[in-house]
Amino acid sequence: VDRHENIGEGLIGREGLKVFMSHPVVQELPFYLEVPGFGQKGPDAENVAILKAMRDEVGASA
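Quick note on the working numbering: the sequence shown kicks off at 6 and runs consecutively.
Calculated directly from the structure, the hints in this document are not laboratory data. Take the hints with a grain of salt, since some may be wrong.
To be verified - Here are the computed distance ranges between Cβ atoms for each label pair: (1) 45 with 66: 29 to 37 Å; (2) 63 with 11: 13 to 21 Å; (3) 62 with 15: 28 to 36 Å.
For each residue, glycine too, the CB sits at the ideal point set by N, CA and C.
Just need the whole structure built from these sequences, with the hints factored in.
This is how it looks when you write it as structure tokens:
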């Protein structure tokens with residue numbers, strides 16, 4: 006079953022995503038954001054901001 010959740014609300018959680026984002030193999034790769042959105046209208050600025058902050062925390066590329 007494929008279950009999309011907002012950033013940090015799924016089974017992987019924020020810490021798990023940070024581990025993934027900090028791995029050298031994916032540091033330079035673009036991401037595709039597929040989340041329900043906090044207003045249930047698809048990717049939103051809040052999810053993007055959370056990901057950008059996490060990216061900055063782990064030192065991944067923009």
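Legend entry - Cβ separation of residue 62 and residue 15, checked against the hinted range 28 to 36 Å: Distance hint for residue 62, residue 15 is violated at roughly 18 Å.
Legend entry - Distance restraint hint 13 to 21 Å, applied to the beta-carbon atoms of residue 63 and residue 11: Since residue 63 and residue 11 have Cβ atoms about 19 Å apart, the given range 13 to 21 Å holds.
Inset, instruction - With 29 to 37 Å as the target window, see if residue 45 and residue 66 comply at their CB atoms. - result: Given a distance of about 30 Å, which is inside 29 to 37 Å, the answer is holds.
The structure fails hint 3 only (numbered hints given earlier).
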